[in-house]
Amino acid sequence: MAQDLDAFRAETREWLEASCPEEMRQPVDGEGDVYWGGRNAEFKNEAQKAWFEACREKGYTVPDWPKEYGGAGLSPAEAKVLRQEMARINARPPLSSFGIWMLGPALLHFGTEGQKQHFLNEIARGEIRWCQGYSEPGSGSDLVSMQTFGEDKGDHWIVNGQKIWTSYADEADWIFCLVRTDKNDKYRGITFMLFDMTNDGVSTKPIKLISGNSPFCETFMDDVKVPKSYGEGIPAYVGEINRGWDVAKYLLGHEREMISGAGNKERSGSLGPKLARNGIDNPVLRAALAEYDIDALAFGCMGEKFLDELKVGKGHPAQPNMMKYAGTELNKQRHELMMSAGGSRALEWESEETSGGTPARSWLRTKANSIEGGTSEVMLNVIAKRILELPGA
Amino acid sequence: MAQDLDAFRAETREWLEASCPEEMRQPVDGEGDVYWGGRNAEFKNEAQKAWFEACREKGYTVPDWPKEYGGAGLSPAEAKVLRQEMARINARPPLSSFGIWMLGPALLHFGTEGQKQHFLNEIARGEIRWCQGYSEPGSGSDLVSMQTFGEDKGDHWIVNGQKIWTSYADEADWIFCLVRTDKNDKYRGITFMLFDMTNDGVSTKPIKLISGNSPFCETFMDDVKVPKSYGEGIPAYVGEINRGWDVAKYLLGHEREMISGAGNKERSGSLGPKLARNGIDNPVLRAALAEYDIDALAFGCMGEKFLDELKVGKGHPAQPNMMKYAGTELNKQRHELMMSAGGSRALEWESEETSGGTPARSWLRTKANSIEGGTSEVMLNVIAKRILELPGA
Amino acid sequence: MPLYLDEDQQMLADTASEFMAEQGGIEKQLRHWRDKGCKDGFGHGLWEQFAEMGFTGMMVDEDHGGLGMGHAEAGIVLEQIGRNLTPSPFLTSSVMAASALDAASDDLKGRWLPGLVEGKSVFAVAVDEGPKHNPQSIKTRAEKSGNGFKLTGAKTFVVQGASADMLVVAARTSGGDADDDGITLFAVPRDAANMTQDPVRLVDSSMASHITFDGVELDGDAVIGDVDGGRAVLNKMLSAGRAGAASEGVGVAGGAFDMTTEYLKQRKQFGKLIGEFQALQHRAAHVYSELEIARATAIKAAQMLDEDAEKADLIVSVAKAKVGKVARLAVQEGVQMHGGIGMTDEYDIGLFMKRDRALHEFLGDHYFHADRVARLSGY
Amino acid sequence: MPLYLDEDQQMLADTASEFMAEQGGIEKQLRHWRDKGCKDGFGHGLWEQFAEMGFTGMMVDEDHGGLGMGHAEAGIVLEQIGRNLTPSPFLTSSVMAASALDAASDDLKGRWLPGLVEGKSVFAVAVDEGPKHNPQSIKTRAEKSGNGFKLTGAKTFVVQGASADMLVVAARTSGGDADDDGITLFAVPRDAANMTQDPVRLVDSSMASHITFDGVELDGDAVIGDVDGGRAVLNKMLSAGRAGAASEGVGVAGGAFDMTTEYLKQRKQFGKLIGEFQALQHRAAHVYSELEIARATAIKAAQMLDEDAEKADLIVSVAKAKVGKVARLAVQEGVQMHGGIGMTDEYDIGLFMKRDRALHEFLGDHYFHADRVARLSGY
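Protein chains in written order, with full-length UniProt numbering: chain B, 1 to 393; chain V, 1 to 393; chain R, 1 to 379; chain D, 1 to 379.
Derived from the structure by calculation, the hints contain no laboratory data. Honestly, I wouldn't trust all of these hints.
Stated by the list, open to error - Label pairs and their computed distance ranges (CB to CB): (1) Glu127/B / Glu346/R: 30 to 38 Å; (2) Lys80/B / Ala318/V: 56 to 64 Å; (3) Asp181/D / Asn235/R: 41 to 49 Å; (4) Glu22/R / Ala77/V: 39 to 47 Å; (5) Gly68/R / Pro66/V: 40 to 48 Å; (6) Pro66/V / Glu389/B: 53 to 61 Å; (7) Glu22/R / Gln3/V: 43 to 51 Å.
What you are looking at is a predicted structure, and each value in this text was computed from that prediction instead of being measured. Just so it is clear, CB atoms sit at the ideal spot from N, CA and C, and this is done for glycine as well.
Construct the entire structure; sequences and hints are all you get.
Next up, the structure:
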């Protein structure tokens, strides 16, 4: 087993050496360096294209998905080796998408064979770019109160309503979208629909954030016709009709797990040593950094414990909520300190020296960490209820 | 006016010089140095007796009460001069009592002329020591839920129930006590009664605190007969029957104001300079002290503003709740830091070097600051409701 | 002096509050100039209105056409500026530069003060030389040259430097980098040769310059106060600026907090107004408490400067630090309690967070002032 | 090594948990000995039971009758000790002194280890010389004297010093006060002449001694490890103690937290269980989160010591500091949420607060370790 892994590692290292262009071995420096795929995707350069195509051939855009759905069918251990080897050479992800992170896991868990064959392969090959339609203006933390309604017309629905915080909806091809299909049942009246954004009646409007960027949109649905099926064995919804909340909950949990796991690396590293390179003259700031580093390194230990326990199914099922809460609050604090250490230089919004205000914009971006994917307040509610079992929580 | 004050100051200074014995010009060093008065009071020494008697003659045990009730009838400005001059020579208070701090103000506000004549003079002369019967085991923050019941028997009540946190009940002569006299009206069914602790059926049991001291008692009332009147124009209750909650609320407000004002001096002083005398080697502790000193000095400014506004009737009526909250949390933090700076020496519980564990016992005592007289949680509720006018608060 | 506003001050507060809300509001000023990409970051028209209100010269003595008011009154105006996020050169021109010019020769006063009083001139102050405020160390050098001086060095974080008709520049005329003595303050006109400005927009949409002095020739009469004796004037100017920034910070925090409590009374989730949730109530009540304390401290600091009180320096640092911490708390809680929409540029709450960041950094953040509080307290 | 308990460790945890709750509970041990005014502050009977369970010698290697277990296993026992506030010499004897004796000669091991394993002997460690932990500076001197050494100086905060059969004393045999080199560790028997103990009771009812060495004569074979080379042994002993104290602190925090959540589910005010109030729910949930993080850190620190990992020292300090902060939060929230009865000696929650105070101070409080984290990180 360990021997097999060693062989796989050697093989992977060789393949990476041959397939990953030099330009793709640099840290991602802004949105422009990310390849999202989709109908209208353009490669930034030849290297990006070559790297994506090499990975697509190997199934390495989604290495742990089964081969028949476009993946490489790697075992968890092999997938970890691949991740390690890619990290070793700083290889960029060949393809990023909400299809990979969100819809894929939902389909793998709830989808029909037909849906998997059809949609997963599209995602793996980067052909369709997906966006997520969950929140509505009146339904943020209280997601289940959403109102977007699909009227049943026999073989199709007519959908009306508005979604908000749809990431990159203006560049996405398809949307997975929560639609109310029964007004009489709050939880059992939601359907998890999939449809094409080019359908008549779908429009989007980017939301400008305080960071100056617009990664999210408002998405309007005005008499949008959504068929109930896209062919034999390919229903237009995931799971059952009116049972979309189960899928949504599953994905929310998956998202929190991902945030908890994925964010670890940065958040669990100490900050003082990095900032100290430019000198920390103020002893009170130094003390604040030391207190932060304690929290960050301690959270790193927790992250390790969390992942270890996840692997063997230990740990409380609501634990990702705790990780999400602690990790995002920590990340906000991290950027506060980075701004403080950066001083007036870090305040710059447009200068070359700051690559167009990267420190300040990143700092502002982190403020959403404790809001998106469930606010810190919702996380604390969940901990109080499901872990501490406090009354009335 | 200012000239009159100057004359008063000169006169006061002269009187103090002549009347306040040297031994009474030392900081109070523990309970033993406080004279509480009462039937069983004993003076610690001749100096304490002389000082008390000199003040009693001048009305200086309660300088701002009217002369006819045993005070000196000083104006606020004169009272301030007296306070300043006493502070100048470190003069100890000649008499401490809950009669002065609590019952007195209630009687001045709600009492009949007969009650004032009778009870206030007794208090001013240190003849009767009072204790306060408010909380019950099941009624802490939710004081109005108290159950001690007085059954109406015409010219008297038969009182049954249990009070808790009655300060020095085991040494007090009389109690002012909240008693339910109407079970059908929560707020308008409480009477503010006054009665003798030597009555049959009254018993007390000291409560040992985590600091090792026992300043509070449980007080049990078992068929205690309380007459409705102590003579012509001297009812046995303050305010009206069944309207004791008004008196209680007034006193709670007064208590918070007093805590806010009185505690200021210590709490609003910086701590770093004092602790630095023994050296602060650790830069992280130094930073924590600096952060504390900022909070403490800032709170000192607020204390000054609060008192200035109080004098002219400005400021929100619920502001004492905010002062109580902020001041007590600050004081707890102060003692945490004093303990940290004191290190292992400050941990000692019985040693001579710590005067019997004064640092540790004082530290533990401060933990009650944010509980007694209304918890921090109740203060925050009041701020949310009465100042911020948040819904449903 | 009691720590509440007297009658005159209350009138000033009412006037300033009304004026700033009407003329200096976020829509009309901050967003307007920002969205236009204005190179000044503020409106000269509003600055002239400030003059009509008597604000621009409020700290200038009456002999020079001002109102001869103190830090307490300037603080009243600044709190309203903060509350409305009104972009203006008030703090640097009318408080800091005016404080420095108070020590200047009559000639210099006559040259610069009328323009300030009339709202025609804008001044900036050039003190910092690195990304963190550290006025003890001044490396920019002014060497004797003929009848005057030649200025060489670099300054940074010069707020509204490019819009300024005159810059108050702290330079070293003798001694080592961190010496108390040997500092001289200069009034440098905008058109001085060999001065290069590199203006950059900051997170709060204000403009600040990096400035290089590459042998800038200055007449001897550009000196503010005494040669080599500028540290006292500099300190006074910094204290004035810090106390002023504290008052403005109280306004920023107060504005953000009021927006937030309003939102708590409007937004529904889970079938309730979110202001009904006790966890949010307690957090709001805590911010309220801290904010009241911060406000009292800012007022006290201003009063102590006006009274030239002994420990004024200490309390100024306490105020700058306390307000800094509290304003940060208020804007952070503000954005978090607004949830998703708090992250959008459309809502104003994020603008408060941005302004707090820049204002908090200006003239020393709370780390700087905490350290200073410890030093001034002897530990 | 994964960061959860393996099967053997889980068995040990179950055993320790059951044993400590039954034999080491608050009523049976802490309150019992405290109310008796016991001069040891713990029960020798329980110490013998510890031996029967195999705890006393769990870190002693098997050649010397122990179980040869590591810091991870000791941490499991210590968490239960913390949770039950069990007074015992386990941390100082079985973890710290045992760690030092690991470097001792066979003779010395033979003299002291059997008593430890059997629960007959108690050891203490004498490192601190002032009220704040500062092991870099060792002023107690041991001068060569004939075949051995003569010890002069003073130690403080020697926990259970007066009950100890042997004290591990860190002394300087050469060099300046703060030098790394020149430290030697001695095993000083209780009956050594010219050693004066002044035992005092601490806030948590434990006993600690101020000790004076007034020319204490020691044989050469009392030296643990090498003369002048004791710093490494001392550091190892301190790391063992700090990681152990972190594990015990997790237990203290966990015990206090569990008491508190139980109380939230029982106590009614305003017609509701107080655990229904969202403000308390959120605070409890926050403590839970911090506590889980602290526990993970303590486990990691112990594992890294067992693996002799490169950054073990750093993570040990992180663990001691993090646990310190979190345990303090847990006991403070515990007392506050208990309200008035939390202030009474009758309820146990105050005992957790007292124990936290003493344990947090032992071997460096979080200020000490925060500073150390910064230093070890190069800033």
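Hint check results:
Hint check: Glu127/B to Glu346/R, Cβ distance near 34 Å, so the stated range 30 to 38 Å holds. Between Lys80/B and Ala318/V the CB atoms are about 58 Å apart, so this pair conforms to the stated range of 56 to 64 Å. Range check, Asp181/D to Asn235/R: about 47 Å between beta-carbon atoms, so the 41 to 49 Å window is met. About 43 Å separates the C-beta atoms of Glu22/R and Ala77/V, a value consistent with the hinted range of 39 to 47 Å.
Against the hinted window of 40 to 48 Å, the Cβ-Cβ separation of Gly68/R and Pro66/V comes to about 46 Å, which satisfies the hint. Taking the beta carbon of each, Pro66/V and Glu389/B are about 59 Å apart, inside 53 to 61 Å as hinted. The hint said 43 to 51 Å for the Cβ distance between Glu22/R and Gln3/V, and at roughly 48 Å that hint holds.
Checked against the numbered hints above, the structure breaks none of them.
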